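Number of protein chains: 2
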Amino acid sequence: MCAQLSSRAHLLPESPFRQLLPYAEAAKKKGVDVIHLNIGQPDIPAPATALEAIHEAYFDKLPYSHALGIESLREGFAGYYSQTSPEVKPADVVITNGSSEGLYFVLFSLLEPKDEVLVFEPYYANYSGFAIMADVTLKAVSLHVENNFDLPDNDTIEKSITPRTRAILFTNPCNPTGRVYSYQELKRLGELAIKYDLLFIVDEVYRVFSFAKPCPSILDIPELRDRAIVIDSISKRYSACGARVGTIVCCNPQLLTGIDRLCKLRLSAPFVGQLFAQAALDDSTDYMEKVKKAYQRRRDLVYDRLRHIPGVETYLPEGAFYGFVKLPVENAFHFCQWLLESFSHHGQTVMMAHGAAFYLTPGMGRNEVRLAYVASEERLQQAMDCIEVALQHYPHSTLVKELVHNTNQ
Amino acid sequence: MCAQLSSRAHLLPESPFRQLLPYAEAAKKKGVDVIHLNIGQPDIPAPATALEAIHEAYFDKLPYSHALGIESLREGFAGYYSQTSPEVKPADVVITNGSSEGLYFVLFSLLEPKDEVLVFEPYYANYSGFAIMADVTLKAVSLHVENNFDLPDNDTIEKSITPRTRAILFTNPCNPTGRVYSYQELKRLGELAIKYDLLFIVDEVYRVFSFAKPCPSILDIPELRDRAIVIDSISKRYSACGARVGTIVCCNPQLLTGIDRLCKLRLSAPFVGQLFAQAALDDSTDYMEKVKKAYQRRRDLVYDRLRHIPGVETYLPEGAFYGFVKLPVENAFHFCQWLLESFSHHGQTVMMAHGAAFYLTPGMGRNEVRLAYVASEERLQQAMDCIEVALQHYPHSTLVKELVHNTNQ
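Protein sequence lines, in the order shown, are assigned to chains L and F. Counted from 1, the first sequence has number 334 at position 334 by my numbering; the numbering is strictly sequential. In my numbering, each number is its position in the second sequence, counted from 1, plus 409.
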């Protein structure tokens with residue numbers, strides 16, 4: 001019989017967001033209430049006007065849209081970007097099946113096989129899989145919680161640029177760290193992109209969730225407009241992960257040639273999701289402001305709880321809805337599994353994503369986790385209770401060992 | 410500046426279904442009524458119960474579904490296949506973003522780069538693009554309208570099988586020809602699949618549209634169950650091309666390992682499309698029977714008109730909703746463009762897909778077109794009027810040349 005898994009499919013990593021789901025399901029069967037902080041799926045209701053648009057729109061079939069997206073939706077996204085950036089035209093906007101498809105299309109259509117893409121680790125774990133699909137190689141520059149995930153100096157970054165490097169892939173605000181990078185920091189990276197003639201691809205799906213100050217778009221920087229490619233999505237900001245509506249925004253029409261062909265090949269993005277997206281973009285209520293404040297309150301709650309747990313090292317995220325946290329454990333993957341398999345506190349436990357999956361460098365992130373604060377404040381308090389108590393009982397806690405060690409001395 | 414189009418994106422063919430759209434749009438701007446027979450987008454309303462399911466379902470966000478699809482929808486598809494095949498289980502069903510994603514996932518996860526896939530030409534033109542995305546090579550066995558697109562004998566087929574061949578990719582009913590292949594014919598191909606240890610991938614998106622007798626599924630053949638992979642979609646049968654809901658059905662769980670990882674990577678198929686699909690599969694009205702009859706009447710109309718047009722060579726399609734037709738022209742692409750650019754009859758013209766795009770062998774299909782009968786009988790009559798009159802006026806008609814030649818003798 002033929003091979004059951006091609007060598008390239010074999011390289012695809014297990015999803016850190018879903019890998020432990022069987023354990024979560026088993027826990028639920030035992031009656032444990034699992035608080036899901038493992039995946040960035042918002043729990044906050046979507047904008048009412050956009051939900052109404054689905055329920056009230058008249059259509060007697062679900063047709064293909066234009067391969068590049070419904071024209072009025074492309075106008076909507078162009079308008080959204082033009083609010084902060086120099087003019088973006090509808091022709092600069094391509095609607096994709098979520099940002100997943102968008103990133104894959106960009107990598108496939110603009111890079112040659114084995115070309116290198118510079119990322120900053122920890123990065124969104126699924127980038128590894130899209131790189132394998134597009135047969136390109138990620139090279140990572142490491143960032144560290146100890147210095148708030150600051151970008152290193154140019155010399156350090158340039159050490160990871162080789163003659164095969166063709167693009168920088170950046171996320172702002174960052175998933176998984178929640179760090180927001182400034183206009184000046186983007187500009188500094190942009191100068192490297194110009195110096196080495198690299199594409200500058202920025203995943204901006206969390207851009208509206210920047211708490212202290214607005215998060216700049218890469219499109220704001222005029223000198224980068226010919227090489228800047230934005231990957232965006234409505235999934236997070238409108239609680240619509242299942243709409244499967246993302247976008248590629250690029251003001252250099254030459255760079256969209258191959259993406260145009262890929263879009264025609266897969267025919268269409270989802271019709272109803274696009275109707276929803278258009279209504280959401282047109283929404284004139286203060287929905288977005290309210291949602292941002294809700295995430296900010298949760299961010300504060302989670303940060304405040306975590307920094308008081310002994311042995312936990314954390315950082316105040318400036319945006320997105322994630323915390324990336326160092327735990328007093330040797331193997332966070334094992335700890336996450338143990339939480340589901342062997343632990344409960346008042347009938348509850350927590351599911352998180354283990355940190356190593358967000359790094360390219362072997363060994364990094366082993367004692368880290370990402371948690372998504374996509375649950376109510378009440379449930380987040382309960383989740384923090386669970387983590388706090390679990391770390392006191394986890395048999396492989398390095399903190400317990402330290403305590404034991406200290407006691408034995 | 411970086412390359413604007415990777416070498417692989419450069420290989421992606423222009424879409425024969427959309428390539429001439431700018432000409433169609435220009436014709437419309439001149440006031441011409443363009444009858445679109447170029448793309449397989451049904452004009453018949455979707456099942457009312459499924460549309461109601463969208464309008465009436467309660468949801469306050471659009472969530473990710475399970476990466477492999479909503480469980481009850483997988484059950485629905487399993488039930489649909491189990492009606493005619495030995496039992497298909499929900500675990501054998503994976504929900505995809507249309508059949509496009511399904512086919513790409515199968516090729517990527519089960520074949521190595523440069524592996525060969527056997528197809529029968531004319532084949533669905535977009536297979537060429539998916540093969541390029543998955544870096545596999547198509548090899549074509551030619552079929553001919555003159556003998557009703559019959560499969561050739563085994564010796565002829567085996568000449569196209571090489572040591573790199575890993576799969577047969579088949580469509581039944583065939584897009585673009587409308588030919589329906591019998592259980593015995595599938596079985597004969599299946600014996601070759603067993604002999605050469607090939608996967609047998611069958612695109613069955615038109616299976617419900619088989620007019621004279623039911624079209625068998627590849628899953629019906631017990632001895633092929635371990636290597637059979639069905640690609641399916643709700644797009645055509647429920648007039649829901651924009652739902653972006655397709656499926657991969659495979660009863661060999663080993664073959665789904667890589668597909669599972671790809672699904673998790675891209676997170677989810679569209680949520681509302683899946684709600685629609687489930688309601689459509691549950692629909693207990695005689696919707697499907699009525700739709701099939703409507704297509705059959707159109708098939709009869711189009712065939713009857715075409716076979717009376719001088720110089721046109723055609724064949725009575727047994728299924729799907731396409732006609733694949735030889736025209737008395739030297740270059741069907743040019744004729745299709747001319748129809749949009751330079752022709753109208755009573756203020757109308759026709760858009761079709763040119764035949765060469767459905768072949769791998771250079772030079773084949775140059776005088777052929779595919780037309781999709783996705784318009785009312787009234788408009789199909791008008792479309793046939795247009796084609797008939799156009800062929801009398803087209804300056805490069807080979808028929809005109811023959812007539813002139815005969816008159817000059």
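Hint data in this document are derived by calculation from the structure and do not stem from the laboratory. Please read these numbers as outputs of a predicted model, since none were measured by experiment. Some hints here could point you the wrong way.
As the list claims (entries may be wrong) - With a Cα cut of at most 27 Å, we get these calculated BS3-like pairs of lysine-lysine:
(1) Lys293(L) / Lys470(F)
(2) Lys195(L) / Lys114(L)
(3) Lys604(F) / Lys61(L)
How the hints compare with the structure:
Distance restraint check for Lys293(L) and Lys470(F): the Cα-Cα separation of roughly 18 Å lies within the 27 Å cut-off, and the hinted pair is therefore satisfied. Pair hint Lys195(L) plus Lys114(L) holds up; C-alpha atoms about 21 Å apart against a cutoff of 27 Å. This hinted pair does not check out: Lys604(F) and Lys61(L) have alpha carbons roughly 44 Å apart, beyond 27 Å.
Against the hints set out earlier in the document, a violation occurs for number 3 only.
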